[in-house]
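Q: The primary structure of each chain is shown beneath.
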Amino acid sequence: MLLSRLQFAFTISFHIIFPAFSIGLSAFIATLLVMWRRTQAEHFHALARFWTRIFAIAFAMGVVSGIPLSYEFGTNWSRFALLAGNVIGPLVGYEVLTAFFLEATFLGVMLFGWQRVPPWLHVTAAVLVAVGTAISGFWILSANSWMHTPAGYEMRDGIAYPLNWLRVIFNPSFPYRFAHMMCAAYLTTSVVVLGVGARYLLQGQFAVEGRTMMRMGVGMIALLGPLQLLLGDQHGLNTLKYEPAKIAAIEAHWRNDGPAALVLFAWPDERAELNRAEIAVPRLGSLILDHEWSGRVPGLMDFPRADRPPVVPVFFAFRVMVGIGLALIALGLTGASLWWRRRLFDTRWYLRIAASAWPLGFIAILAGWLTTETGRQPFIIYGVMRTAQAVAPVSAATVAVSLALFVLVYCAVFSMGIYYIHKLIARGPAAATLAPPALPHGLPNRPLSLAEPPAGSAAERAP
Amino acid sequence: MNPAGLVGAAYWLPLLSAGVIALAVAMYVVLDGFDLGIGILFPYFPSETERDQLMNSVAPFWDGNETWLVLGGTALLVSFPLAYAVILPAVYLPVILMLLGLVFRGVAFEFRWVAKPHHRRWDLAFAAGSTVAAFSQGLILGAVLAGIPVSGGAFSGGAFSWLTPFSLMCGCALIVGYALIGACWIAMKTSAAAEARARRQARGLLGLLLFFIVLVSIWTPLEFARVAQRWFSWPNIAYLSPVPAVTAALAITCWRALPGRHPTLAFYSAVGLFVVAFIGLMISTLPYLVPPVITLWQAAAAPRSQAFMLSGMALMIPVILGYTVFVYRTFSGKVRPGEGYH
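As given, the protein sequences belong to chains L and E, one line each in that order. Sequential numbering from -18 applies to the first sequence in this note's numbering. Sequential numbering from 3 applies to the second sequence in this note's numbering.
Treat the hints as calculated values from the structure; they're not laboratory data.
Facing chain E, a subset of chain L residues (Cβ under 8 Å, in silico): (1) Ser59; (2) Leu63; (3) Tyr401.
Simulated restraints on C-beta separations: (4) E:Gly160 x L:Arg333: 56 to 64 Å; (5) L:Arg18 x E:Trp257: 46 to 54 Å; (6) L:Gly239 x E:Ala11: 51 to 59 Å.
Glycine included, C-beta positions come from ideal geometry on N, C-alpha and C.
Here chain E stands alone, though its shape is the one from the complex:
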């Protein structure tokens, strides 16, 4: 883990920064995950009542959720400028696609209400934008996991280097994953027809997601020797064996909770599934930020910049988490019909 034999601040500052970025990405994936998931599932809820419920269940949160993406992006720029400057040009088109997708779905929240009763196109924008954003995020993830061609400290591939069967598969996997937590969220936050429909969808999505998790677990060690080395060499294999065990336990919990009286449990176990999958991917990748060439220490910014940023984060992230919890509590429980400022 410490290839250059670094000591002191030069060693642990990048590690802390990476931890913060991991936190931001995890927060983003979970929070915006369910809200993108709702967009992905939107077309499968045909009635106007259900769609309004879906929208209202995330309307107070989506903005805060997407802010974690901005935090992730800026934290990467701040703490690992080299990685930022290599990764973003490498996945240029998927990033642009994701951003455009987010533009469409973001404005749909407001436009849809104002445009009523002529809001069909914003329903479409919401669904398509969410799906494209999720798929693009999967593409980016897949491209980074698979490794980026670098020479002389800059991206050296072509405009479509990111386009591989592996990254396409990751795109589909992420759509399914987001849809799953979206469905669990809907089951938790809505009532009547929407809730029943979401419970049915969630079980199918859970099965599909497990298929993708297994696929990734087989595909990555076969294609990337460093991943196989990390997971299957002794003693790692012993230390890491809880990962699949926890995955299985969470999947079973989620499956059993879905039809029951505790949709909240199903939601949290789906979130847990995501977090464990995320940890698994980090285990496969660390200490590289741009596999297989740039480690987090090589990409790190000046210690002074990291220290300044980290002290701000140490101060602010607890506050942010505090009022995030406050807002989620304010809007806790099922969506009340007719609620909203519109």
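This is chain L alone, in the form it adopts within the complex:
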């Protein structure tokens, strides 16, 4: 049970990072290509080629880390599959049908079609891939939201039967979760783009490309950061309505005995049911959660102990997420004001901060994910099925072995992936030249090494 949980948490944490990055990156590349078509400016195309290679790696890791998930429902959580299969299954099925095939197929055109298809078709393929990743987000978040706020179904003999598909798909928390997650994906990618742009400017190379990336990154962050705050607030209100226990855990709010304070920091003690070392602002909690000066918010003690989520991880993960969110808003607005004063590209302290900010979005996504999923516990489907009831009849030893294998393989494969992405970024957009046109007489077919013999080998041989 614990092992299955660990395995799922582990594989899905790896998985969530890459698709979130691919959603944002594919949209970014599609935008670049569209701009290139409209302006004919060469650096847009160079940037698109550069990010496409990084996208290919991120996407491949998203795919290979996603395939195990569709089977883990059966291998580790077969009782969940049995209970919810009627409802969740078709949503995932629609994801495969409407998104996976679209992405996977046109990715082929996008990656390898530079010379095989006309430019407009190539741009279209990139747009289709971006649309595919967004559709994929739509379905999977719908399925996930249903686990938080199940709707449009009835229970018969311990199995959920769908009644109204529209209510299943657009279940109460879905619109908020979807908007919040998509915004997070685009925001995360913008931070990476900004970071890479700032890095090049600091190093004094690829100036044209670096500036374009910084402009696009800052613009997106200044726009999406505040928007995300708004979306997050709405999502929180929605959660308060449907999953009050989660909000109580997020706020480490124990007793519903007056207007809620906003706990800035504390060490929640679940046994004693109180907060240690608490720093709190009176009434602010009510104001945020209820938009009322004296609003009342359910406390953890309103719920039986067996129905409470673990408080400590939810409490801290939420604070990490919000903290990063606020930091990103500051990053975006500072950048925008520097840009306004025409000092964006030569303010070195800002470049330095921006260049090292790239992982923040990913950390925030993981923290947000941890908040919402742990906050739903002890249920796997809120109010319907407990996680403990969902586990498959597989022996602990078997799960332990497979968990160990997953950890080993994922760590090896994904650290290599991140290393290669890093390597590509270090090489920069100049290295992403088009493969040379077809050689006439079947000469060595090693496009990469032909295109850039010095970059890879020299960098690695350097002492």
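Assemble the complex: chain L is given as a structure, and chain E must be docked to it using the hints.
A: Below, chain E without anything else, positioned relative to chain L:
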């Protein structure tokens, strides 16, 4: 075929769903078959030029190909949750092995290029991952064909119930089968040394595959009475006699086309061989999804779920097939040297 005397939607919806799953599995076996086959044969193409050609010949497609596996898995979950919940725990370890194999070979497509010239380990990952994935799929197939111990609607065997001589044999058979269509694909898509080598390999693999087909045809009716009953009772034996005849015809076509000027014909007849073998296995198994206890009607999901899923499939599968064909046409013909985005 209709044990419970079901009528209306309760009868034909599961049948349609099973048809769709069969289609997805067949598409997967054929499409990812050649692309896994290339991984299996990878070590036998020693030169760098040949290996690059091999990789480039499937690089635009492999992702779409593997999506059929995801579709098969989710369609099973959607349409037959009981079968999904019984089969997957029963073949837990082979499934995990297959997934890990697919992870390695999948990332190798990208990593290999970026890692050059230090890409030996990704060559190994590509070959080993493909082989392990193919072998595991054979194990799963063998375990399901042989039957799964079930009690109270859940899998009741041990962690290694799937491990039998029969499932091991199926694992080897699938490796050979995939390698065959892989070799035919290479012969069709590459040129020069790689093409010549693949043509030679394909003939040997074809012989080996025929041996396995005969072995399965003898083994299954001897070991499983229900299979013998299905094939050798009158009038089934008359209706089913075309199956071995078509198999033989396809094998001969493939053999004769291999050295000739039409490697495409060899590829398609190898694919045909696969499809016929697949149909043969379905004939042996139906109407069971989990032989010999759970029929497809017993495992079926709520009619509303199946109807919703099937309407989506009716709409989307033609579209998917359409753009799949488009992409294969875009990248048709021999791999051009130096091609790729890398």
